[in-house]
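Place chain P on chain G using the hints.
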Amino acid sequence: MLSLYTDAKYQDVMVEEKQALFDQVTQDMRYPDVLYGCYECGICVAACPSARFYDFSPRVFAQVMAREDVHTFYELLNDSVWDCSQCFSCTCCPRQNNPGAIITIMREVAVNNGLASAKEALQAYSRIIFKVMSTGTQVSPDMLQPDFFPDWGQDVRDVAENLDVWRRAIPPETMHTVELAWDVSEKTRLELYMIWKLTGNLEMIENIDEGLFMILEEVMEELLEEHGYDIDDFDNILED
Amino acid sequence: MGLVRNCLLPSDLLYDVPTNIWVRELEGGTVEIGMTDIAQTLAGSIIHCRPKKVGKKVKKGKSVATVESGKWVGPVRSPFSGKIAERNDAVTEDAAILNRSPYREGWIVRIAPDDLGGDRKGLVGVEEAITLYEDYMQEKDLASCIHCAGFEE
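If you read the sequences in order, they're chains G and P.
All residue numbers for the first sequence refer to my numbering, where the first residue is 6 and numbers rise by one.
All residue numbers for the second sequence refer to my numbering, where the first residue is 51 and numbers rise by one.
Do not rely on the hints blindly, as some may be mistaken.
Derived pair list, reagent style BS3-like, types lysine-lysine, alpha-carbon separation capped at 27 angstroms [unchecked claim]:
{"hint": "1", "chain 1": "P", "residue 1": "Lys190", "chain 2": "P", "residue 2": "Lys133"}
{"hint": "2", "chain 1": "P", "residue 1": "Lys109", "chain 2": "G", "residue 2": "Lys124"}
{"hint": "3", "chain 1": "P", "residue 1": "Lys109", "chain 2": "P", "residue 2": "Lys171"}
{"hint": "4", "chain 1": "P", "residue 1": "Lys107", "chain 2": "P", "residue 2": "Lys190"}
{"hint": "5", "chain 1": "P", "residue 1": "Lys106", "chain 2": "P", "residue 2": "Lys190"}
{"hint": "6", "chain 1": "P", "residue 1": "Lys190", "chain 2": "P", "residue 2": "Lys121"}
{"hint": "7", "chain 1": "G", "residue 1": "Lys192", "chain 2": "P", "residue 2": "Lys121"}
{"hint": "8", "chain 1": "G", "residue 1": "Lys14", "chain 2": "G", "residue 2": "Lys124"}
{"hint": "9", "chain 1": "P", "residue 1": "Lys133", "chain 2": "P", "residue 2": "Lys171"}
{"hint": "10", "chain 1": "P", "residue 1": "Lys133", "chain 2": "G", "residue 2": "Lys192"}
{"hint": "11", "chain 1": "P", "residue 1": "Lys190", "chain 2": "P", "residue 2": "Lys103"}
{"hint": "12", "chain 1": "G", "residue 1": "Lys202", "chain 2": "P", "residue 2": "Lys107"}
{"hint": "13", "chain 1": "P", "residue 1": "Lys133", "chain 2": "P", "residue 2": "Lys109"}
{"hint": "14", "chain 1": "P", "residue 1": "Lys190", "chain 2": "G", "residue 2": "Lys124"}
{"hint": "15", "chain 1": "G", "residue 1": "Lys202", "chain 2": "P", "residue 2": "Lys121"}
{"hint": "16", "chain 1": "P", "residue 1": "Lys133", "chain 2": "P", "residue 2": "Lys106"}
{"hint": "17", "chain 1": "P", "residue 1": "Lys112", "chain 2": "G", "residue 2": "Lys124"}
{"hint": "18", "chain 1": "P", "residue 1": "Lys112", "chain 2": "P", "residue 2": "Lys190"}
{"hint": "19", "chain 1": "P", "residue 1": "Lys112", "chain 2": "G", "residue 2": "Lys202"}
{"hint": "20", "chain 1": "P", "residue 1": "Lys106", "chain 2": "G", "residue 2": "Lys202"}
{"hint": "21", "chain 1": "G", "residue 1": "Lys14", "chain 2": "P", "residue 2": "Lys190"}
{"hint": "22", "chain 1": "P", "residue 1": "Lys121", "chain 2": "P", "residue 2": "Lys103"}
{"hint": "23", "chain 1": "P", "residue 1": "Lys103", "chain 2": "G", "residue 2": "Lys202"}
{"hint": "24", "chain 1": "P", "residue 1": "Lys109", "chain 2": "G", "residue 2": "Lys202"}
{"hint": "25", "chain 1": "P", "residue 1": "Lys133", "chain 2": "P", "residue 2": "Lys103"}
{"hint": "26", "chain 1": "P", "residue 1": "Lys171", "chain 2": "P", "residue 2": "Lys121"}
{"hint": "27", "chain 1": "G", "residue 1": "Lys124", "chain 2": "G", "residue 2": "Lys192"}
{"hint": "28", "chain 1": "P", "residue 1": "Lys110", "chain 2": "P", "residue 2": "Lys133"}
{"hint": "29", "chain 1": "P", "residue 1": "Lys190", "chain 2": "P", "residue 2": "Lys171"}
{"hint": "30", "chain 1": "G", "residue 1": "Lys124", "chain 2": "P", "residue 2": "Lys110"}
{"hint": "31", "chain 1": "G", "residue 1": "Lys202", "chain 2": "P", "residue 2": "Lys110"}
{"hint": "32", "chain 1": "P", "residue 1": "Lys121", "chain 2": "G", "residue 2": "Lys124"}
{"hint": "33", "chain 1": "P", "residue 1": "Lys110", "chain 2": "G", "residue 2": "Lys192"}
{"hint": "34", "chain 1": "P", "residue 1": "Lys112", "chain 2": "P", "residue 2": "Lys133"}
Pairwise CB distance ranges, derived in the manner of DEER restraints [stated by the list, open to error]:
{"hint": "35", "chain 1": "G", "residue 1": "Pro37", "chain 2": "P", "residue 2": "Ala162", "range": "57 to 65 angstroms"}
{"hint": "36", "chain 1": "P", "residue 1": "Asn56", "chain 2": "G", "residue 2": "Glu125", "range": "33 to 41 angstroms"}
{"hint": "37", "chain 1": "G", "residue 1": "Cys46", "chain 2": "P", "residue 2": "Leu53", "range": "52 to 60 angstroms"}
{"hint": "38", "chain 1": "P", "residue 1": "Glu202", "chain 2": "G", "residue 2": "Pro155", "range": "20 to 28 angstroms"}
{"hint": "39", "chain 1": "G", "residue 1": "Asp28", "chain 2": "P", "residue 2": "Asp164", "range": "42 to 50 angstroms"}
{"hint": "40", "chain 1": "G", "residue 1": "Glu215", "chain 2": "P", "residue 2": "Gly168", "range": "18 to 26 angstroms"}
It is worth saying that the hints were derived from the structure and are not from the lab.
Note that CB positions come from ideal geometry on N, CA and C, so glycine has one too.
Okay, chain G solo, but in the shape it has when bound (with noise of 0.2 angstroms):
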C-alpha cells in the first residue's frame, strides 16, 4: 500500500509494525461508529479549533484511516495526534464521521503500546493524570503558576500568591480548595482507584510513566489500608 503522501515520515519503521497498530484502531469496538467515508468537504476543518493554530486536521485523519494509508497512520500516530483538543466539533461531519473519535482510539492506542512519542507528549501533563486518577478532578488551582502561565503576566502571579484567599471567595464551601477543583471524598476516591485497577487503567499508566504508576499506587494504597481495605481483595475480585 502506497502512502498518501509520499514524504511520510518514520519510512525505517517496519510496515508490519505499523500494520499492527493500525489493526488495533480499526478492531476497536467503536471504530465502526466513527467513520463512514469522506466528501473531503473540509466541514470538519473548518469548525476545528487545533487546525487554526497547528498544522493539523482532522480531516486528513478520516481520509487516511478510510484509505488504509498505514504509512500515513503511522506518523499521524506518533506526531499530530496529540494536537487535538478533543472537543469534538469535528462531529459537524455531514457523514456523520467523527475524526475526534478516530483520534481518541489512536491516542489509547499509542498509549497502550507505550510509544515514545506518547510518553514524550504526556510527560509534562503527569500531574494532570496524576489528579484525574487520584482524585477525579483534573484541573488544581494550584496550576496556575507564573512559569507555567508566562502569557498571564502578572495577573498569575497576584492570583498563586493569593490563591486560598481567591478560593474562599467562591460561593460553595466545596470550592475553597488549592489542590483539588472541588472537594472529593475519600470514599470517591477509592472507589475511582478500584475502577482504574479492575479495568487495566493503571497498567495503561505503567507502561507510560513508570514514575507516575508508582506515585499512585502508593498513594492510594496507603488510603486503603487507612481505612482497613485490603488491597490482596481486589485481586480476588479481578480473579472471580
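Frame of chain G, contents of chain P only:
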C-alpha cells in the same frame, strides 16, 4: 563546586544521575538525600513535597517522597534500601525551598541504609557526575539550569 551548563554540583556529595538525586553521608551511617539543581530546573516551581513517614521501609529505586510542580508530578527515588530515619518538615511546609536551596535547606529525607557500602557503589562523585550530566542534559534538551531569586549554593 562542580559546574555543568550553569548547574551546580557540590564536590562533597555523591550523585545518582539517572534519578537526579544527590546523597550526603552523615555521621552515624545515615545518608541525607535531595534533588539536584538539574532536577529542580526540570520540575519548575515546586509547590508540594510530601516525604514519607519516619520509620517507613523503602527499597532502592522506590519513592521516598512525591514532588509536584504546576503540571508535573514525580517521585524522589531512594538510591538506598533502608528505613526513613528523619524527614524534612520544612520542605512540606514550603516546597519552594527545593528550588531555592536544593543542596542545603532542601534535603528531603535521611535514611538509615541496610547496606550502605553495597548501595553506594551505584553512585558517582562530582567529576563523573559532570560528564554524565553533560550527556543527560543534551538528551533532555536542557540548555542550562534556572535559579530563582534567592537561590543558595
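Violated hints - listed by number, lowest first = 1, 4, 5, 10, 11, 26, 27, 33 and 36
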